[in-house]
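Line by line, the protein sequences are chains P and B.
If you read the first sequence in the UniProt record's numbering, its first letter stands for residue 1, the second for the next number, and so on.
If you read the second sequence in the UniProt record's numbering, its first letter stands for residue 1, the second for the next number, and so on.
Worth flagging that the hints you see were computed from the coordinates, not collected in a lab.
Backbone N, C-alpha and C define an ideal beta-carbon position, used for all residues, glycine too.
Among the hints, erroneous ones may be present.
Claimed, not checked - Label pairs and their computed distance ranges (CB to CB):
(1) Ser198(B) x Leu269(P): 53 to 61 angstroms
(2) Asp318(P) x Asp219(B): 49 to 57 angstroms
(3) Gly110(P) x Gly174(B): 43 to 51 angstroms
(4) Asp317(P) x Pro54(B): 30 to 38 angstroms
(5) Gly163(B) x Pro37(P): 28 to 36 angstroms
(6) Gly163(B) x Val315(P): 54 to 62 angstroms
(7) Gln12(B) x His40(P): 47 to 55 angstroms
(8) Asp162(B) x Ser297(P): 43 to 51 angstroms
(9) Asp162(B) x Pro37(P): 48 to 56 angstroms
(10) Phe321(P) x His40(B): 24 to 32 angstroms
(11) Pro37(P) x Leu55(B): 35 to 43 angstroms
As the list claims (entries may be wrong) - To give an idea of the chain B side of the interface with chain P (calculated C-beta under 7 angstroms), a few residues:
(12) Gly24
(13) Val93
(14) Lys140
(15) Lys146
(16) Ala147
(17) Thr155
(18) Tyr170
(19) Gln256
(20) Ala341
Unchecked claim - Which chain P residues stay away from chain B? Per the calculated CB distances, all over 12 angstroms, these:
(21) Asp10
(22) Gly14
(23) Thr87
(24) Val193
(25) Gln256
Number of protein chains: 2
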Amino acid sequence: MISLVSSALDLQQGRIDLSHGAGGRAMVQLIGQLFAPALHNEFLAQGDDGARLPLCHGRLVMATDAHVVSPLFFPGGDIGCLSVHGTINDVAVMGARPLYLTASFILEEGLPLSDLARVVESMAAASRAAGVPIVTGDTKVVQRGKADGIFITTTGVGVLRDGADVSGAYAQPGDVILVSGPLGDHGMAIMSVREGLSFDAPIVSDTAALHGLVSDVLDAAPGVHVLRDPTRGGLSATLNEIAHQSGVGVVLQEAQIPVRSAVAAACELLGLDPLDVANEGRLLVIVPAAQADAALSALRAHPLGREAARIGDVVADDRYFVQMHTRMGGQRMVDWLAAEALPRIC
Amino acid sequence: MISLVSSALDLQQGRIDLSHGAGGRAMVQLIGQLFAPALHNEFLAQGDDGARLPLCHGRLVMATDAHVVSPLFFPGGDIGCLSVHGTINDVAVMGARPLYLTASFILEEGLPLSDLARVVESMAAASRAAGVPIVTGDTKVVQRGKADGIFITTTGVGVLRDGADVSGAYAQPGDVILVSGPLGDHGMAIMSVREGLSFDAPIVSDTAALHGLVSDVLDAAPGVHVLRDPTRGGLSATLNEIAHQSGVGVVLQEAQIPVRSAVAAACELLGLDPLDVANEGRLLVIVPAAQADAALSALRAHPLGREAARIGDVVADDRYFVQMHTRMGGQRMVDWLAAEALPRIC
Ligand SMILES: Nc1ncnc2c1ncn2[C@@H]1O[C@H](COP(=O)(O)OP(=O)(O)OP(=O)(O)O)[C@@H](O)[C@H]1O
Ligand SMILES: Nc1ncnc2c1ncn2[C@@H]1O[C@H](COP(=O)(O)OP(=O)(O)OP(=O)(O)O)[C@@H](O)[C@H]1O
Ligand SMILES: [Mg+2]
Ligand SMILES: [Mg+2]
Ligand SMILES: [Mg+2]
Ligand SMILES: [Mg+2]
Ligand SMILES: [Mg+2]
Ligand SMILES: [Mg+2]
């Protein structure tokens with residue numbers, strides 16, 4: 001970014017105004033003093049209309065997500081790190097190594113610059129920790145009441161790993177279903193803030209970048225059929241989607257599905273099913289039985305997968321049902337989002 | 001996209017509600033019945049968390065833009081085609097061939113599905129016409145009053161053309177400055193709708209995909225130093241940016257700068273300078289004098305460059321001033337966005 005503005009932004013007391021999105025000096029100042037220093041890398045520093053990246057050879061993978069989570073800050077994270085993790089995860093679960101991110105900001109007039117700076121620092125930290133730089137960006141401002149603080153869209157590019165061939169369409173009867181940890185933490189962390197619930201141990205979002213975990217799993221179990229991050233709609237939506245894509249059924253074992261007690265309690269209070277609740281740092285793995293142990297060990301050996309569990313099996317079923325053996329010994333259907341919608345969870 | 005919803009969306013009377021962003025059946029229905037059929041291509045049809053693309057070899061280029069234009073529909077275009085053109089143009093002016101786009105939607109609860117369908121059809125048509133498919137997407141919904149109809153973020157990936165080496169940092173004294181057509185059409189098309197101005201000939205946005213034009217110019221004048229699309233902040237902001245990036249001055253000839261009479265009249269009425277007003281289908285070219293005629297001929301030979309003109313020169317100036325010889329025979333500074341901000345022009 002060029003520096004042609006001598007005055008300094010007031011990062012303590014200042015607020016976003018419409019001029020910060022107008023393409024003139026104020027925007028250059030905002031980018032040059034707030035975004036560029038935090039997100040710094042050689043590509044972003046080029047300062048042209050986009051980023052010119054190194055030579056790349058392979059099959060590209062792209063994923064994009066808009067992030068509109070409310071509130072912007074929540075236990076365990078904020079919209080900034082969430083927007084980095086979410087897109088890295090979608091690239092990773094395609095079987096690709098995430099290489100680059102872009103970030104587009106829609107800011108509401110009146111937004112405190114201190115909030116924006118916190119969010120951008122959090123993105124920067126997440127991007128550095130993941131080793132995936134934000135190489136180009138965009139900044140738009142809309143009038144007060146025409147957005148809600150900050151919306152961030154991230155897009156990721158990666159290159160498919162050699163031999164990786166995973167898809168929601170590849171589940172087969174006999175495959176084993178694994179998850180990398182307890183379900184529902186992210187969604188219930190958001191909901192407990194919104195609903196003012198408090199627990200002895202506060203519920204903390206699981207937001208995390210999963211590309212390292214994915215890499216370890218694929219190294220240990222190269223025959224993996226399906227990888228997914230069970231985000232909006234939770235495990236229920238993800239498994240129903242896969243069942244339809246692959247033309248199979250699923251049988252879960254409720255007793256095997258890890259759910260923290262605080263999450264279970266909060267869900268009960270709010271009339272939600274933890275299986276319907278969004279996760280932002282959990283990996284779903286569907287793997288041939290012969291490689292299931294190898295995959296589970298690889299998950300458990302990684303800091304993000306210590307509580308990994310085997311939760312069910314893929315079965316032949318031309319109705320594509322997702323069913324569950326309950327803890328009580330019964331059986332029930334696991335439908336899509338039977339509960340009410342949880343808006344703006346990510 | 002999988003089809004597990006038997007009921008049909010009501011595209012005439014229906015409206016977006018929060019369930020369309022919740023990751024469950026309603027979202028699958030919206031994507032499957034509205035987005036997927038309109039935007040259809042083999043990559044989008046994969047239906048995984050992102051898109052798996054063909055083998056690619058070269059230096060990647062990425063660009064991203066959020067689009068928040070208001071109103072959504074304007075003479076000559078709408079937010080849909082604008083969001084396709086804008087990102088294609090940023091990839092193209094980096095000297096790259098645009099290959100793929102992603103599209104993330106933030107929708108406001110209550111949005112008429114008929115408006116959404118119009119916008120998506122327009123994106124689809126623009127993407128088809130440009131030969132650049134939208135390979136993956138995302139859909140979020142926020143509550144009424146927390147957004148403004150539709151926001152769309154597009155991200156583009158391209159591959160650098162062989163030998164292309166353009167940047168805002170490469171302008172040199174002696175270079176010639178060209179524009180591909182009249183300035184200010186897009187911004188004044190939006191402003192005249194907003195302000196209720198009417199003219200004998202209505203002002204129509206110049207929104208267009210410039211990658212074909214860029215390709216012709218680079219073929220004819222491979223020594224081009226700088227390419228830019230003068231969007232927010234108009235020609236003034238773009239030239240001031242380049243002057244600072246390259247460490248040069250600019251001298252414009254007002255008499256040579258093409259501005260339509262309706263645009264000039266509207267600008268006068270609103271107290272705006274056409275040089276500060278956004279364009280969405282104009283190309284700025286800075287080229288060594290020896291190749292200036294070749295570049296200008298190539299511009300004029302293309303349907304999008306018929307009214308191309310030579311408008312000024314790059315000069316040595318360690319203050320990085322952009323100056324203009326006026327039609328009256330005087331000289332004035334062309335500063336950044338001296339006029340008030342024009343919010344939500346793109
Ligand atoms: N929020 C941001 N964080 C980091 N860099 C940014 C951000 N916003 C913009 N940039 C960078 O600033 C430069 C100029 O961005 P800008 O959006 O003005 O370019 P443009 O897309 O060509 O213009 P327009 O958005 O008007 O079409 C680019 O290099 C871009 O990567
Ligand atoms: N507006 C849209 N237009 C076209 N395709 C879309 C659109 N929104 C989503 N899709 C496609 O639908 C599929 C599922 O998208 P979805 O956003 O649910 O996945 P995800 O990003 O993994 O989940 P989340 O957004 O909850 O993190 C993807 O293949 C995506 O490309
Ligand atoms: Mg541009
Ligand atoms: Mg996602
Ligand atoms: Mg931009
Ligand atoms: Mg996903
Ligand atoms: Mg742009
Ligand atoms: Mg998504």
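Hints and how they fare:
1. Ser198(B) x Leu269(P): 53 to 61 angstroms: holds (58 angstroms)
2. Asp318(P) x Asp219(B): 49 to 57 angstroms: holds (56 angstroms)
3. Gly110(P) x Gly174(B): 43 to 51 angstroms: For glycine 110(P) and glycine 174(B) the Cβ distance comes to about 47 angstroms; the hint holds.
4. Asp317(P) x Pro54(B): 30 to 38 angstroms: holds (34 angstroms)
5. Gly163(B) x Pro37(P): 28 to 36 angstroms: Given about 34 angstroms between the Cβ atoms, the range holds.
6. Gly163(B) x Val315(P): 54 to 62 angstroms: holds (57 angstroms)
7. Gln12(B) x His40(P): 47 to 55 angstroms: holds (50 angstroms)
8. Asp162(B) x Ser297(P): 43 to 51 angstroms: holds (47 angstroms)
9. Asp162(B) x Pro37(P): 48 to 56 angstroms: violated (35 angstroms)
10. Phe321(P) x His40(B): 24 to 32 angstroms: holds (29 angstroms)
11. Pro37(P) x Leu55(B): 35 to 43 angstroms: Once the Cβ atoms are compared, 37 angstroms apart, the range 35 to 43 angstroms for leucine 55(B) and proline 37(P) holds.
12. Gly24: holds (3 angstroms)
13. Val93: holds (5 angstroms)
14. Lys140: Because about 5 angstroms separates lysine 140(B) from the closest Cβ in chain P, which is inside the 7 angstroms limit, the hint holds.
15. Lys146: holds (4 angstroms)
16. Ala147: holds (6 angstroms)
17. Thr155: Holds - the Cβ of threonine 155(B) comes within 7 angstroms of chain P, reaching about 4 angstroms at its closest.
18. Tyr170: violated (10 angstroms)
19. Gln256: At about 23 angstroms, which exceeds the 7 angstroms cut-off, the nearest Cβ of chain P leaves the hint on glutamine 256(B) violated.
20. Ala341: At 4 angstroms from the nearest chain P Cβ, alanine 341(B) passes the 7 angstroms test, so the hint holds.
21. Asp10: holds (19 angstroms)
22. Gly14: Non-interface label on glycine 14(P) holds, nearest chain B Cβ at 16 angstroms vs cutoff 12 angstroms.
23. Thr87: At about 9 angstroms from chain B, threonine 87(P) fails to clear the 12 angstroms cut-off, so the statement is violated.
24. Val193: holds (17 angstroms)
25. Gln256: Label holds. Min Cβ-Cβ 23 angstroms, cutoff 12 angstroms.
In terms of the numbered hints stated before, the structure departs from hints 9, 18, 19, 23, listed from lowest to highest.
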